[in-house]
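Whole structure, please, built from the sequences with the hints as guidance.
Protein chains in written order, with this note's numbering: chain C, 1 to 702; chain B, 703 to 1202.
One should not assume that every hint holds.
[To be verified] In silico lysine-lysine, BS3-like type, Cα no more than 30 Å apart, as pairs: (1) Lys28/C - Lys966/B; (2) Lys101/C - Lys1130/B; (3) Lys843/B - Lys354/C; (4) Lys843/B - Lys378/C; (5) Lys101/C - Lys1064/B; (6) Lys378/C - Lys906/B; (7) Lys240/C - Lys1142/B; (8) Lys219/C - Lys843/B; (9) Lys1142/B - Lys241/C; (10) Lys1130/B - Lys235/C; (11) Lys416/C - Lys859/B; (12) Lys670/C - Lys512/C; (13) Lys859/B - Lys365/C; (14) Lys843/B - Lys396/C; (15) Lys1142/B - Lys418/C; (16) Lys28/C - Lys747/B; (17) Lys390/C - Lys1142/B; (18) Lys1130/B - Lys1117/B; (19) Lys83/C - Lys192/C; (20) Lys1142/B - Lys380/C.
Because the hints were derived from the structure by calculation, they are not lab data.
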Amino acid sequence: MKRTHIIKNFAFFFLVIFGVGFAQKNPKEIFQYPPLHAIQMPKIAEAVLKNHMRLFLVEDPQYPTIDIRIMIHTGSVYDPPEKVGLASIAGTVIRTGGSQKFPGDVLDALLETLGARIEIEMDQTMAMVSASFLKEDIDKILEILVDLLRYPLFPEEKIELAKIEQRSMVARRNDDVREIADREFQKLIYGKDHPYARHTEYAFIDAITRDDLVQFHQKYFQPNGMILGIWGDFKTQEMKKKLAKIFSPWPESYTEIPRPPSVEYAYTFSVHYIHKPDVNQSNIILGHIGTTLDNPDYPALVVMNQILSWDRMFKQIRTREGLAYSVWGYYGAEYDHPGVFSVGCQTKSQSTVKAIRMMLEEIRKIQNEEVSDEELQKSKDRYLNGFVFKLDSKAKIIQRQMTYLYYGLPPNFAEKVKNEVEKVTKADVLRVARKYLHPEHVHILVVGREEEFDEPLSQLGEVHPIDITIPQPQKQMPPPTPEEESQARLLLNQMFTALGGMDSLLAIRNGKWEVQITQNTPMGEMALEGEIWIAYPDQMRIDFNTSWGKMKMLVNSQEAWIEIPGQESMAMPEVQANSVRRSLRQDFVNLAKNFSEWKVQYLGPATWNGIKGEEVAIAKNGEVFHLLLDSSSKLPLAKRYTESGEEGPFEATEVLSDYKKLGGIFTPMKSEVFSGEKKISQTVITQGQYNVELDSAMFKIK
Amino acid sequence: MKTKILMRNAVIWGLALIFSAGLKAKTLADIQNQIREYVLSNGMKWIVLPRHEAPVVSFHVYADVGSANESYGMTGISHLLEHLAFKGTTTVGTTNYEEEKKWLARTDSLYALIQMEENKFKPDTLKIKALRNAFDQARAKAQEYVVSNEFIDLCMKEGDPEVNAYTNADGTHYVNALPSNRLEFWMALISDRFLNPVFREFYKERDVVMEERRLRVETNPIGKLIEDFFAMAFKAHPYRHGTLGHMSDLRHITRKDAIEYFQKYYIPSNLTVAIVGDVNPEEVFRLAEIYFARIPSGPKPEPIRTEEPEQWGERRFQVMAQSQPVLLIGYHRPEAKSNHDLPLEAISNILGQGRSSRLYQKLVKELKIAIEVGSFNGWPGSKYPNLCAFYAIPAKDKTNQECLDAIDAEIEKIKKESVTKEELTKFKRTTLKSMYDQMKNNSEMAELLTFYEVVHGDWRTLFERIQTLDALTPEEIQKVANLYLNKKNRTIGEIVPESN
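And the structure:
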C-alpha cells in the first residue's frame, strides 16, 4: 500500500471512531449550514452574424458531446383558421423529409449510425430545432442542419405520412380521459377557435397542401430572428468560426417577427360536463385566465401559488381527505400571452361534487384571510433555497438566456424575480389572492359518469354538456375525369336553369318561410310549426311556436344559440349547429353563388330509395354531398350528405318534392329526411317569399 | 486493386475503433475512477460520485423490495409503503408521539374488530356502525397530534425540487436533490425515516392509493392492457400482479401488515444508496456511519422461490375499451444479469428504436399501417426473467393484426439473417451517447448506479458494458433471437375498440 493511502485510511477511521461519539442531530433541529459553494457562472459568448442570426456559445468539456438548440419565431398560433395543424405538419416534414443533400430516409440512417439526434418541435409560439451528438461529428451535423433549414425537400410521401399520423392522432384524441379534460378546458378559457386552444381536424388536415408547407417555410425559416445556442466540448473561438462559415452564407431577408395573438377574456361562471360512461373516477378542472410573466405581481403570485397548491389543495384534498392522488392549483403565467389559472384533481365519481366544493372553498379561504407566517416562510424558503437548481448545468443556463432573449425578457429576469420573492409579505399574498382569483367566475369542467356522482352537477349551476364527437372526415372523392367534370357542370347548369335561372338565384339576398316540421322520435311523432328566415350566405333564424311561447334558434358561422321563452339564451349543441350550417352551405342559392369554387363529378344514372335520376357529386374543402337530378326536368329530386346526429354521424337522404314557383324560383315545398330507409323528419313549406324586408337585428344574439 | 481497398477499409475500420475506443476509455474510465463505495457494519451499501459542476447533490435510495415480493392478499403493499414513507417518524410529523401512539394503536384494534365482524357469515350491521364511529373518533384523536406532510415540508423548505419516490416490480426508490451544504440534514432526515417511521394517516393514504389505481388503470385503457398483460404472461411468478395491487387487497391491508412488511424488507443490507453531486466521499461515509449505522441489521428476507415455467403455447387476449386499437407483444427472456442481456438490447434497438429501425421503416414508412412502433426490455422488471416487448399504435383505419403480421415478418427475418455490421455500429454508438447523456444528470446517474449495483450485482458493470458492447457480433445476436423470439414463448395483448 502507498504511504499516502495508509495515512488517508487512518485519518478516515480516526474520524469515524471520533465521530461515533458524535450525537446525531434531530432532523427538525436548526442546522447551521456551511456556506454554499459558489455557483460557477459560465462565460456565455455571444455573436451576431451579418444576417442577424444570433449565436450563444458555452464551453462544457465534461463529456465528449455537443448540443445545439435553435429557436425560430413561428408556431401553431399562426396557422390559418381553415388549416389548423399546418405548422405542426411543416415541422414534422422538414425533419422527416430531409433536405436536398440529405433526403429523409438517408438522414435517419445517417444520424442513428452516428448515435446523433436532430429533432424539430413546433410549439404554439416557438419552433425549436435541437441536435445532440458526439463531438467528433460536429462538422457533419452542421452540414446537415444548415441544409435542412434552408432546403427542406417536402416530399409528397412524407407529407402523406405526416397526415396519416395527424389523422390517427385525431382519431385517438378521446382515448385518454385526462387529455380530453385538458384540451376542452383550454377551449373554455380561450375560446374553442382561439389559436391558443384550437386543434386540428380531418378537414383541416385534408386541406393542407405542399405549397402551404413550402410557403410556411419560406416565410418563417429565415436567419433574421433565429437564435442558436451551442454547448459542449469545443473551443469558443473555433466554434464561432465554424458557425459563421456555415450560417453566414444564408442571405438576410427581412422577416417580420410575428406577434402572438392577443387574448380577450370576460370573467364568467359556467359548469360544463363531458359524459364518459366507462370511468369510475371524475376528471375535474376549474379556473379562469391567468397572467403573463412580466406582471409586476408575478413574484407575489409565485408565493401565493405555492401555498394554494401545496399547503391548501394538496394537504387538504389529498392528505386530509384522501380524495385524490393528483391534485393541483396553478396560476399560469406565460411568456407572451396570459396563461391559465386552474385547480383540479381526479376523484372517484362518488366524491365529485364534494371535491369541487372543497377546491372552491380553498380558493375563497386564501382570499379571506392572510396566510400564516409559517406558510409564508416555508414557501419563500422553498423557492429561494431551490433557486440553485435553476443554474445547476450550463445547458440550463444557456437555454434560459436564449429563452429570455426570444421572449423579450431582461437577461437577469430570474434574479429579479428571486429578489422580489424575498420581499413578499403576507399582505402581498392576500392582495394578489383578492385581485387575481375569482372563485365566483370560474369555468368548471367535469369529465365523468354523472349517474354515480354524489350530487347532481346542476347543484353547482346550469350544466352545459360538451359533445366531443370527432367530426368525421368527409369521404374522399376520387379525382374526376375531365369528361365527368364537364358533364357534371353541364347538368348542374341545367339544374340552375330549371330552378329559375342563375341570375334569379344570384339575386336572392334572403328568404322567409312558414313551415310545419314533423320529427320521428323514440317517443313518437313530434310536430312543430314555425318560421324560418335565411339571410344568405350564412345566417339562419328559426322561430318555433310552442305551448310556452316562441322558441328562437339563431345560427351564423361563429355562434349558435337557443332562446327558450322566459329563460336566458343558451348555446346550441354543436351537433345541431353543425347540421344547420351544413344545410346552409348546401343550399341551392349558396351553391349558385359559389358554383365556381365547387369541384363536381358526374356519377351516372342512380336510384335512391326507389327514385331514379342522374347523380352528381359536389365537393369543397373536404366536404362532399351528392344530388340526384330528374333526367328530364333536371330538378333536384334528392340530396345525400353526412349528417351529424345525436348518436354520431350518419348518411342522410333528403327527398325533395312538390315543386312550386315562389317569386320566380322553383322551390321544393316538401322535404323528407331518411337514414337509409327510415324516415327521420319532414318539413313542409306552407308559405314562402324571397327578398323580404329584414331587420338585421333579428339575427343578433342577445 | 481489391486487396488495396480491403486493406484501406480495414485500416479505416480499425482506426475508427481505436479512435473511438480511445475516446471512450479516456472519459468513462475517468468517471469510473472517481466513484467511491463503502459498506456500513450493518450491511448498507453506499456509492458516491463527486461532481462539482454546481453546488447541488442528488440522492437515490434503492430498497430491494418491489411488487414481485408480494403475495396474495397483499398486492400493492410495496407501493403503499412507499407512500407511507412520507408520513414522518417518531419525531417528524407529530407534536406528541407518546399520545399519538396510543390513539394509533386504538385505531388499529378497532379496525381489526371491524374486519372480523365484516368477515362473519352474518355480520351485525349495527355493531359495525358503532365500531366505525369509534374508529373515526379514534382517528380524529390521533390526527390532533399530527403535523401533516411535515416530512415533505422539511425537504422542500431546504430547496428540494425532486423529493419523490416510485415503486416498480423489483424495487422501491426514494429520491431527493438538495443544495450541497444540506448533506447532514439529508442524513439526519432520511436515517430517521428508515429507523423510526410512523405510518400515520394510514387509512387516508390507502384511499389515495386507491384513487391512484383508478387514475392509472381503471380509467386508462393502456393501464388496463398493461395490468392484464402481466397477469397473462406470468402464470406463476409474482411479476404477474403489477405494482398498484388489486383493489380488493388494498381495501384490506392494515397498518400492522405495513409495519411487518417494512420490518421484514427495509433492513440495511437491503438498502443501497447512491449520491452524485457536489460532495466529498469521505465526508459522506463519515456521516453515513454516524446516522445510518444505528439502523439494526436484520435477517435477509427469503428470496422469491417461484420461477416462471416455460409457456406451452402462445397466449393472446383482448381489452375492450373506448379507445383506438393498440398492440402489445412480450417474449419471455432471462434476467438482466444474463449474458444474453446485451444481445437482446441490441435486438430491441435495431428492430424498434429510432426512425431507421427495421420496424419503423416497415410499418410506419413503407406499409403506413402504424404511427408508432417500438421495442424495449426489462419489463416489468429486470431482476428476474422478464419480457422483451414490442408494441404498435396502428394508423387510422388500420388493424392490430396487420401490425402483428408485419412485426412477425421482421422478427423471422432477423432470426434467419441476423443484423448487419452497420446496425450493430449504430447500436453501440447510440448506447455510448445515451450513457453520456445519463451521466450529465446527477439524479439519473444516481439511479443508474443503484440499478447496476442491485440488479447486476456491481455498479462497475455499468462501465464494463461498453467493453462487452464492442465484442457483440451478428452471430451472437442471431443465436439469441432464435432462442427467445418464438411464438410459443410469447403473449399478445390488444386494445380492441368498444363502441358506446
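Hint check:
A distance of roughly 28 Å separates the Cα atoms of Lys28/C and Lys966/B; the hinted pair therefore holds under the 30 Å criterion. Distance hint between Lys101/C and Lys1130/B is fulfilled; the C-alpha atoms sit about 26 Å from each other, no more than 30 Å. For the hint pairing Lys843/B with Lys354/C, the CA-to-CA distance comes to about 24 Å; that is within 30 Å, so the pair holds. Pair hint Lys843/B plus Lys378/C holds up; C-alpha atoms about 27 Å apart against a cutoff of 30 Å.
Between the alpha carbons of Lys101/C and Lys1064/B the distance comes to roughly 23 Å, so the proposed pair stays at or under 30 Å and holds. Restraint check for Lys378/C and Lys906/B: satisfied, since their Cα atoms lie roughly 25 Å apart, inside the 30 Å limit. Among the hinted pairs, Lys240/C with Lys1142/B is consistent with the structure: their alpha-carbon atoms are about 24 Å apart, no more than 30 Å. Restraint check for Lys219/C and Lys843/B: not satisfied, since their Cα atoms lie roughly 68 Å apart, outside the 30 Å limit.
Under the criterion of a C-alpha separation no larger than 30 Å, the hint pairing Lys1142/B with Lys241/C is consistent with the structure, at around 27 Å. For the hint linking Lys1130/B to Lys235/C, the alpha-carbon distance of about 27 Å falls within 30 Å, and the restraint holds. Under the criterion of a C-alpha separation no larger than 30 Å, the hint pairing Lys416/C with Lys859/B is consistent with the structure, at around 21 Å. A C-alpha spacing of about 15 Å is found between Lys670/C and Lys512/C, which places the hinted pair at or below 30 Å, so the restraint holds.
A C-alpha spacing of about 23 Å is found between Lys859/B and Lys365/C, which places the hinted pair at or below 30 Å, so the restraint holds. A threshold of 30 Å between alpha carbons decides the hint, and for Lys843/B with Lys396/C the separation of about 48 Å lies outside it, so the pair is violated. For the given pair, Lys1142/B sits about 26 Å from Lys418/C by alpha-carbon distance, which is consistent with the 30 Å threshold. Distance restraint check for Lys28/C and Lys747/B: the Cα-Cα separation of roughly 26 Å lies within the 30 Å cut-off, and the hinted pair is therefore satisfied.
Taken as a hint, the Lys390/C and Lys1142/B pair is honoured in the structure, with Cα atoms around 15 Å apart against an allowance of 30 Å. Restraint check for Lys1130/B and Lys1117/B: the C-alpha separation of about 20 Å stays at or below 30 Å, so the hint holds. Using a Cα cut-off of 30 Å, the hinted pair Lys83/C and Lys192/C holds, with the two alpha carbons roughly 15 Å apart. The hinted pair formed by Lys1142/B and Lys380/C meets the criterion: a straight-line CA distance of about 29 Å does not exceed 30 Å.
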